[in-house]
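**Student:** What follows is each chain in one-letter form.
Protein chains: 2
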Amino acid sequence: MDKPILVVGGGPAGLAAAHSLASIGSRVALVEKEARLGGAPILSGYAKLVPSGEWAKDAIGGMVKRVEANDLISIHTSSRVEEFAGAPGDFTARLSSGSTVDAAAAILCTGFTHFDSVNKPEWGFGTFPDVVTTTQVEQMISSGRGIRCPSDGRRPQRVAILLCVGSRDRQIGREWCSKICCTVSCNIAMEIREELPDCHVYIYYMDIRTYGLYETKYYWRSQEEFKVKYIKARIAEVTSDGQKLIVKGEDTLVKRPITIPFDLVVHAIGMDPNVENPALARVFGVKLQEHGHIAKANAYCTLGETSREGVFVAGAATGPETIDDSIAQGNAAAMAAFAIGRKAPVAA
Amino acid sequence: MDKPILVVGGGPAGLAAAHSLASIGSRVALVEKEARLGGAPILSGYAKLVPSGEWAKDAIGGMVKRVEANDLISIHTSSRVEEFAGAPGDFTARLSSGSTVDAAAAILCTGFTHFDSVNKPEWGFGTFPDVVTTTQVEQMISSGRGIRCPSDGRRPQRVAILLCVGSRDRQIGREWCSKICCTVSCNIAMEIREELPDCHVYIYYMDIRTYGLYETKYYWRSQEEFKVKYIKARIAEVTSDGQKLIVKGEDTLVKRPITIPFDLVVHAIGMDPNVENPALARVFGVKLQEHGHIAKANAYCTLGETSREGVFVAGAATGPETIDDSIAQGNAAAMAAFAIGRKAPVAA
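The listed protein sequences correspond, in order, to chains A and B. Numbering of the first sequence is given in the numbering used here, commencing with residue 67 and proceeding in unit increments. Numbering of the second sequence is given in the numbering used here, commencing with residue 67 and proceeding in unit increments.
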């Protein structure tokens, strides 16, 4: 029997890789460091996903159920890979549980780490309870509690969403763009307006990056149907006058300082490289690229190759990525990994 | 023996789908309407690709060679599918050549059509010979001729690249963003500066959408290393004073009209839906979405499904798409199509 493929990480990319391998008859060992599968959309409690509008618990939850029900996939939760040795077609991984997994190839679907807004202290997170992150707003929506100010539970009348928190910001070592926060913020803004029709929602941006077909579905729809207001601005700081949060900065289109009161300020947080990437790189013997993501080796003839033959990578492990593209990359890497398994000598 | 998978379109997505299917032992019938494989990057003569920096003729040319050399892939160039009937696992396609292909499933990798700049007449294309498109600049570079003004062959001293030509433009029925033109334009700007170090290159934009890791590699690098200048502007028209092209508009950051002379004006043209999509939708019985792209049915459990079971879609057929993501989607759709083939009754 052919050796299984080792898939590391149980988020969208890893779930897609595991399922698609099993669907063509390959065994899979799926290793996830958390106690549950699902990755960020499940573990962080995302609400409705971009661009499908499906609830994360249904969309990604469905992927989890399908993987859990598949006899060809052995699942190792609360586990890490601590050693990985061998050659393509004949690798062995030792897990933190002490057990050992043989594998023809490995796919790293190890995702990202949400930016921690305390690293941008002048924007008020950690100082004022009503400064929250997009992830917290997702949780307010997905839990059914609704949009409330954490300080006193009131419904906000004025909400500011600040884009690029932990993205495009050299001062704090995050030069990259996190790709999806603009669109996620448009989505959240519409959700807020739907729940609270009297609430004013402003989005402060550098460039609106609702690329491709997101343009119509998110940027235009949020303005025309939901009356979300977009202001091109550089934000200097978020303070408080004791009653309201005060957003200070410069409107870069009208070239004028702005000082505007809000009830709730939302940080559209970016995607950091997974904080465990240096450790993963060491265990799997793969290179990282300049910002700390896992480096890709070939973009054309074998998508998802790393610097080590037989070890592939997919999804946000390679840089900020959408869920749909992570799934596609997971499937693509699965295809490449499976091809290695077929070429390898059959295991005893 | 299992029936082959029908892959329609020989660009990056189709080449990836065909190769990956063959790599796991599936036969493929690859149908391409043009006389050669390679899709837009080859047929339109692209130069260095984003983000790899590899020449299109090497990168995509390598994918073509690999497919052409594979005995499991039968290639039908200068052919179209004229009829497609049957059910998942048991389809039959009739080609324009008269021959017939049995298929377990089909993958539409039918790509896009470059926006035709004559549909934006006030920006001077078709009126002034020195107003060209990004595709023409790619051809100047890839052919080795270099960047020249078509009117008289001189080296331009001042080049303007106008973004969003045929994108984000409701006046001409193109509301979507074409996703990759910002980054392609940054790339071209650097190429021009490298060949002609004394040439000034300006990019006129609405929002710079060098999303994800493109931010560092294209937006910042083009400014800091190559001194490309970015101006947020609304362009009204491109005229001529008899000697120079004149770009007129409004600088939207300093709120002031601009009237600036250039030697060469480049339209960063967008990606229209393939003009043949209505015909493809009819032949394959699949739905189109609102802008005329091929509609996707499911984003999570089976990526690349269309409205018809057993017919999948990948790449720019679904909307503006990058080459890398088209390849990933081609592989992903291949995986789903192969799984159908395995479930189907074995053909006689």
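Treat the hints with caution; some may be incorrect.
When chains are identical, the list treats them as one kind, so a pair holds in a single copy or across two.
[Said to hold, decoys possible] The list that follows gives simulated cross-link-like pairs (lysine-lysine, DSSO-like), each with its CA atoms no further than 30 Å apart:
no., residue 1, residue 2
1, Lys-293, Lys-321
2, Lys-353, Lys-298
3, Lys-321, Lys-295
4, Lys-353, Lys-314
5, Lys-353, Lys-283
6, Lys-131, Lys-321
7, Lys-293, Lys-310
8, Lys-123, Lys-353
9, Lys-99, Lys-353
10, Lys-131, Lys-293
Hints listed in this document are in silico derivations from the structure and should not be mistaken for laboratory results.
**Student:** Classify it for me, Lys-321 with Lys-295: is the Cα-Cα distance of at most 30 Å met within a copy, between copies, both or neither?
**Tutor:** So Lys-321 and Lys-295 pass the 30 Å test inside a copy (18 Å) and across (20 Å) alike.
**Student:** Classify it for me, Lys-293 with Lys-321: is the Cα-Cα distance of at most 30 Å met within a copy, between copies, both or neither?
**Tutor:** This pair counts as both: shortest intra-copy Cα distance 23 Å, inter-copy 24 Å.
**Student:** Please work out whether the CA atoms of Lys-99 and Lys-353 approach to 30 Å or closer within one copy, between two copies, in both situations, or in neither?
**Tutor:** within (21 Å within a copy, 41 Å between copies)
**Student:** First find the shortest C-alpha distance between Lys-123 and Lys-353 inside one copy, then the shortest across copies, and answer within, between, both or neither for a cut-off of 30 Å.
**Tutor:** Between copies only: 28 Å across chains, 34 Å inside a chain, cut-off 30 Å.
**Student:** Please work out whether the CA atoms of Lys-353 and Lys-298 approach to 30 Å or closer within one copy, between two copies, in both situations, or in neither?
**Tutor:** neither (38 Å within a copy, 38 Å between copies)
**Student:** 30 Å Cα cut-off: does Lys-293 pair with Lys-310 within a copy, between copies, both or neither?
**Tutor:** within (22 Å within a copy, 43 Å between copies)
**Student:** Evaluate Lys-353 and Lys-314 at a C-alpha cut-off of 30 Å and name the case that applies: within, between, both or neither.
**Tutor:** Answer is neither; intra-copy 41 Å and inter-copy 48 Å both fail.
**Student:** Between the shortest in-copy and the shortest cross-copy C-alpha distance, which are at most 30 Å for Lys-131 and Lys-293: within, between, both, or neither?
**Tutor:** Answer is neither; intra-copy 38 Å and inter-copy 52 Å both fail.
**Student:** Within a copy, between copies, both or neither: where do Lys-353 and Lys-283 come within 30 Å Cα-Cα?
**Tutor:** Between copies only: 18 Å across chains, 38 Å inside a chain, cut-off 30 Å.
**Student:** Taking 30 Å as the upper bound on the Cα-Cα distance, should Lys-131 and Lys-321 be classified as within, between, both, or neither?
**Tutor:** Close neither inside one copy (52 Å) nor across copies (55 Å); limit 30 Å.
Checked against the numbered hints above, the structure violates hints 2, 4, 6, 10; every other hint is satisfied.
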